[in-house]
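Protein chains: 2
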Amino acid sequence: MAFEKKELKKKSENISEWYTDVILKAELADYAPVKGCMVIRPYGYAIWEGIQQFMDSLYKEHGVQNAYFPLFIPEKLLNREKEHVVGFAPHMAVVTIAGGEELKEKLIVRPTSETIMYEMYKKWAHSWRDLPILINQWNNVVRWEKRTYLFLRTSEFLWQEGHCAHTTHKESLETVLWALGVYQKTYNELLGMYGIAGIKSETEKFAGAKTTYTFETLMPDGKALQACTSHDLGQNFSKAFDWTVLDQKGEKLHPWQNSWGYSTRSIGGLILSHGDNAGLVLPPAIAPIQVVIIPIPGSSEGVFNYARQIEDELSNMTFSGKQIRCLLDIKEGETAGFKFHKWELKGVPLRIEIGERELKDKRLQASSRDILQRIELKVESVSAYLKDIQNRMYEKHKKFTEDNTHKVDSFTEFKDIMTTRRGFIQALWCEDKFCEAKIKEETKASTRCLPLDAKEEKGECIYCKKPASHRWHFALSY
Amino acid sequence: MAFEKKELKKKSENISEWYTDVILKAELADYAPVKGCMVIRPYGYAIWEGIQQFMDSLYKEHGVQNAYFPLFIPEKLLNREKEHVVGFAPHMAVVTIAGGEELKEKLIVRPTSETIMYEMYKKWAHSWRDLPILINQWNNVVRWEKRTYLFLRTSEFLWQEGHCAHTTHKESLETVLWALGVYQKTYNELLGMYGIAGIKSETEKFAGAKTTYTFETLMPDGKALQACTSHDLGQNFSKAFDWTVLDQKGEKLHPWQNSWGYSTRSIGGLILSHGDNAGLVLPPAIAPIQVVIIPIPGSSEGVFNYARQIEDELSNMTFSGKQIRCLLDIKEGETAGFKFHKWELKGVPLRIEIGERELKDKRLQASSRDILQRIELKVESVSAYLKDIQNRMYEKHKKFTEDNTHKVDSFTEFKDIMTTRRGFIQALWCEDKFCEAKIKEETKASTRCLPLDAKEEKGECIYCKKPASHRWHFALSY
Numbered sequence: 010m011a012f013e014k015k016e017l018k019k020k021s022e023n024i025s026e027w028y029t030d031v032i033l034k035a036e037l038a039d040y041a042p043v044k045g046c047m048v049i050r051p052y053g054y055a056i057w058e059g060i061q062q063f064m065d066s067l068y069k070e071h072g073v074q075n076a077y078f079p080l081f082i083p084e085k086l087l088n089r090e091k092e093h094v095v096g097f098a099p100h101m102a103v104v105t106i107a108g109g110e111e112l113k114e115k116l117i118v119r120p121t122s123e124t125i126m127y128e129m130y131k132k133w134a135h136s137w138r139d140l141p142i143l144i145n146q147w148n149n150v151v152r153w154e155k156r157t158y159l160f161l162r163t164s165e166f167l168w169q170e171g172h173c174a175h176t177t178h179k180e181s182l183e184t185v186l187w188a189l190g191v192y193q194k195t196y197n198e199l200l201g202m203y204g205i206a207g208i209k210s211e212t213e214k215f216a217g218a219k220t221t222y223t224f225e226t227l228m229p230d231g232k233a234l235q236a237c238t239s240h241d242l243g244q245n246f247s248k249a250f251d252w253t254v255l256d257q258k259g260e261k262l263h264p265w266q267n268s269w270g271y272s273t274r275s276i277g278g279l280i281l282s283h284g285d286n287a288g289l290v291l292p293p294a295i296a297p298i299q300v301v302i303i304p305i306p307g308s309s310e311g312v313f314n315y316a317r318q319i320e321d322e323l324s325n326m327t328f329s330g331k332q333i334r335c336l337l338d339i340k341e342g343e344t345a346g347f348k349f350h351k352w353e354l355k356g357v358p359l360r361i362e363i364g365e366r367e368l369k370d371k372r373l374q375a376s377s378r379d380i381l382q383r384i385e386l387k388v389e390s391v392s393a394y395l396k397d398i399q400n401r402m403y404e405k406h407k408k409f410t411e412d413n414t415h416k417v418d419s420f421t422e423f424k425d426i427m428t429t430r431r432g433f434i435q436a437l438w439c440e441d442k443f444c445e446a447k448i449k450e451e452t453k454a455s456t457r458c459l460p461l462d463a464k465e466e467k468g469e470c471i472y473c474k475k476p477a478s479h480r481w482h483f484a485l486s487y
Numbered sequence: 010m011a012f013e014k015k016e017l018k019k020k021s022e023n024i025s026e027w028y029t030d031v032i033l034k035a036e037l038a039d040y041a042p043v044k045g046c047m048v049i050r051p052y053g054y055a056i057w058e059g060i061q062q063f064m065d066s067l068y069k070e071h072g073v074q075n076a077y078f079p080l081f082i083p084e085k086l087l088n089r090e091k092e093h094v095v096g097f098a099p100h101m102a103v104v105t106i107a108g109g110e111e112l113k114e115k116l117i118v119r120p121t122s123e124t125i126m127y128e129m130y131k132k133w134a135h136s137w138r139d140l141p142i143l144i145n146q147w148n149n150v151v152r153w154e155k156r157t158y159l160f161l162r163t164s165e166f167l168w169q170e171g172h173c174a175h176t177t178h179k180e181s182l183e184t185v186l187w188a189l190g191v192y193q194k195t196y197n198e199l200l201g202m203y204g205i206a207g208i209k210s211e212t213e214k215f216a217g218a219k220t221t222y223t224f225e226t227l228m229p230d231g232k233a234l235q236a237c238t239s240h241d242l243g244q245n246f247s248k249a250f251d252w253t254v255l256d257q258k259g260e261k262l263h264p265w266q267n268s269w270g271y272s273t274r275s276i277g278g279l280i281l282s283h284g285d286n287a288g289l290v291l292p293p294a295i296a297p298i299q300v301v302i303i304p305i306p307g308s309s310e311g312v313f314n315y316a317r318q319i320e321d322e323l324s325n326m327t328f329s330g331k332q333i334r335c336l337l338d339i340k341e342g343e344t345a346g347f348k349f350h351k352w353e354l355k356g357v358p359l360r361i362e363i364g365e366r367e368l369k370d371k372r373l374q375a376s377s378r379d380i381l382q383r384i385e386l387k388v389e390s391v392s393a394y395l396k397d398i399q400n401r402m403y404e405k406h407k408k409f410t411e412d413n414t415h416k417v418d419s420f421t422e423f424k425d426i427m428t429t430r431r432g433f434i435q436a437l438w439c440e441d442k443f444c445e446a447k448i449k450e451e452t453k454a455s456t457r458c459l460p461l462d463a464k465e466e467k468g469e470c471i472y473c474k475k476p477a478s479h480r481w482h483f484a485l486s487y
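From first to last, the protein sequence lines stand for chains A and B.
Just so you know, my numbering puts 228 at position 219 of the first sequence, and the rest follows in order with no gaps.
Just so you know, my numbering puts 389 at position 380 of the second sequence, and the rest follows in order with no gaps.
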């Protein structure tokens, strides 16, 4: 696609307007001609492919296998687990006509696949020998939304959903935490994002789960983003589906199940966390283009040849065990300044400019996107420098999150923070949902999670003053 | 999943019953609790992943980028190209309720994505500089079917759909043929299948295309399987969508478009072409497990250690540039015979059995799945032997196709073949759709394609005796 010079809205002035603007202008995604849906354009989809590759190899290493289950779920199947259907009913898209005829039984476009998958698991597994089942699928799901937001909340989105079944609760819980660990690793190491792993409150947990584990990240506007979830389903679904297997003693056992999902919403978090007034800032590990090489337009043939040589050398080097992804920009009809602007908007981590002087001195003039600083580099140190950028971006997001996490012991201060700088609030809470609702009503902050590493702490609830034993994370959420 | 000894129906007695039976018993797929839909189980999905990897790298090499467009197409958008909507209307699944409300405009679950994609292309590209657009997506589509058949015809299926736009017809046609070439390569080199590349008749072409190119394969029952298609859309859609770009002279131009698709149906062809009475037979290039190593149950620890050593050695070797995929079967509670039967059913190309004698003599006793023959092999020759199997399977399918391709010059003989051994019939046809319909009515055979390499041949139509200049391929189709 042609690239025209486009003035970007400023992140520092209005992050919400900037967010949409940068997505459209960097050509990550576009609004679709269907209400609430989006088109993920090649540059945005390449980010999703990077995430898929990273996670999929970790799944396979662990013995999880990919499969594919149908898009449509018969209404009666979805109704099987009562809490589950209540949670999803308001967001369902329903097929009532197919092949020119009114359907006798309505089909729900999957909002998630627990019910259709577990009906099959029940058919396949009858003995402890058939367990564990470790299955994942990469697919599209539909949850109809009134208010949508590119990547962060769309009526259709892409994700992976893992669904496992075990003979013991202990084993199932290990899988739940392993999956959460994969998510955390993906955020930390690939997307350069820090976050808090924890447990959801009863109100906030997944419809049908025993316990929901979550990874919560903090955005620059002080709002929290639920970045992914991993659910301990207990025996809720195996009981609702009347699914038993024979254990080693020949006795009937309801399998222990879990499900875990990670979606294209993560790309929204990535954009918000790192971007700046000049556009996207992508961490090298996930950037579709890690290094852009720009021979200054109008230079001699020698400069272009030198640029090609640098491209060759870089393409033969690796970053994080993979070939460095570099692009030589020799597109005609664009000035150097235009090119710099274009790749800054697209968030390419490292820009190398080559002119007559660089050719003469055989050196590289580079510019680091995250700090917008010019540096001198040697070809052989590009990979190490990309690693520096990756670390710097993660540390910056970690520091931002820590700087905006407030340990609070009075509700006045709680309200005060929520009306000003926001961020995570760590406060003691009695774990009563009445208090949780009142806090949300008065401050808009909801419980985000109880961190996995939270220590017991005797005290009183920030709201009702009754005894409380744990400090929860609260925040205004996306 | 546990594996029980299962008697398989015989392919030689009833290929149709065998086909369903082998899919279920080899755990490739299963019937879903939704009419006409299937669950692709991990073993079947691994085949699809192999196909995806092979094709996706060829697409990327060619500059095609992946993206994602919405599942739902507003009714009015699908109605834009008249022939297109007429072709797909009888197979549509329609969402009429979403988010608890009746929708003002119905949404069609995509049967293919031309309309929703080209609406976006029109928004993105305004100048010849914005072309070509080379975009592909891997997704699910829905075409409601009354009679379904695992893999070969299901109401929902997985596929890739490539959609390109060019400034000239010549360039667009080059892309059409390049895509067809990728498909042919995939069938030949990955799936070990032979076939005929050609052009569809006016009646059989894609709804909305100018010309449809196809790859047709012959199944053991003498029926042809349309294995994939690549469509020259001409300017049909750009005109219907009123999409123009400015050419180099500043004049308006309707872009030339093409679309091409390859689906999970190909797995049905793979199963049918190569399988035998003992089960699946998978060509090494696509087999999820290429070599299974079975230490004879009850053997000494030395045998198991030797088996592990062989596994290590093989895992460090490559076949077709990738690590050999091998599995050591040390599952307890199964006899050697049971294990042999199990992996034969699953079509693993090479089985290596290790007992006391193999340990003592440091040799390998192997069994080749395609010819069900025992052979002696050295570890270092495993990769070369896998290559032999791959070639043998392709040559066998090629010979079968050639042996069952009949050059026919009388309609009596045509009818005779179609009521007995079937296969491809090469016959002169006047290219009038009336004749085509009469031939189908009287013989059930439809035109499959005019081969790309067909030479002009003056003669008379097999049916109406009017002048005809090309010999078309006819067959009973799946």
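Some clues are possibly wrong.
No copy labels: a pair is met if it fits in one copy or bridges any two.
Below, in silico cross-link-like pairs of lysine to aspartate or glutamate (DMTMM-like), each with a Cα-Cα straight-line distance of 20 Å or less [what the hints assert, rightly or not]: (1) Lys91 <-> Glu58; (2) Lys331 <-> Asp65; (3) Lys19 <-> Glu92; (4) Lys340 <-> Asp256; (5) Lys387 <-> Glu469; (6) Lys69 <-> Glu110; (7) Lys131 <-> Asp39; (8) Lys69 <-> Glu92; (9) Lys34 <-> Glu128; (10) Lys258 <-> Glu362; (11) Lys18 <-> Glu211; (12) Lys131 <-> Asp397; (13) Lys331 <-> Asp321; (14) Lys132 <-> Asp39; (15) Lys475 <-> Glu450; (16) Lys69 <-> Glu36.
Just so you know, the hints here were simulated from the structure itself, not pulled from any lab data.
This structure is a prediction, so every number in the text was calculated from the model and none was measured.
Handout entry: Same-copy or cross-copy closeness of lysine 69 to glutamate 110 [CA-CA at most 20 Å]
Key = neither (42 Å within a copy, 41 Å between copies)
Practice task
Pop the pair lysine 69 and glutamate 92 into one bin, within, between, both or neither, using alpha-carbon distances up to 20 Å.
Solution key: Close neither inside one copy (32 Å) nor across copies (44 Å); limit 20 Å.
Handout entry: Alpha-carbon proximity between lysine 258 and glutamate 362, which holds within one copy, between copies, both or neither at 20 Å
Key = Neither: 70 Å inside a chain and 33 Å across chains, both beyond 20 Å.
Handout entry: lysine 18 and glutamate 211: within-copy, between-copy, both or neither at 20 Å Cα
Key = neither (40 Å within a copy, 52 Å between copies)
Practice task
Using 20 Å as the alpha carbon limit, work out where lysine 69 and glutamate 36 are close: within a copy, between copies, both or neither.
Solution key: Between copies, since 19 Å is at most 20 Å while 32 Å is not.
Exercise for the section: With 20 Å as the alpha-carbon cut-off, assign the pair lysine 19 and glutamate 92 to within, between, both or neither. Expected result: Neither, since 43 Å and 47 Å both go past 20 Å.
Practice task
Tell me, please, which holds for lysine 331 and aspartate 65 at an alpha-carbon limit of 20 Å: within, between, both or neither?
Solution key: Cα proximity of lysine 331 and aspartate 65: in one copy and across copies (16 Å, 18 Å).
Problem - 20 Å Cα threshold - placement of aspartate 39 relative to lysine 131 - result: Between copies only: 13 Å across chains, 41 Å inside a chain, cut-off 20 Å.
Exercise for the section: Go through the copies and call it for lysine 131 and aspartate 397: within, between, both or neither, with a Cα cutoff of 20 Å. Expected result: neither (49 Å within a copy, 41 Å between copies)
Handout entry: Alpha-carbon proximity context of lysine 331 and aspartate 321, limit 20 Å
Key = Answer is within: at 15 Å inside a copy they meet the 20 Å cutoff, but 24 Å across does not.
Handout entry: Up to 20 Å CA-CA - glutamate 58 versus lysine 91, copy category
Key = neither (35 Å within a copy, 35 Å between copies)
Handout entry: Homomeric proximity label, lysine 340 with aspartate 256: Cα distance no greater than 20 Å
Key = between (66 Å within a copy, 18 Å between copies)
In summary, the numbered hints that this structure violates are 1, 3, 5, 6, 8, 10, 11, 12.
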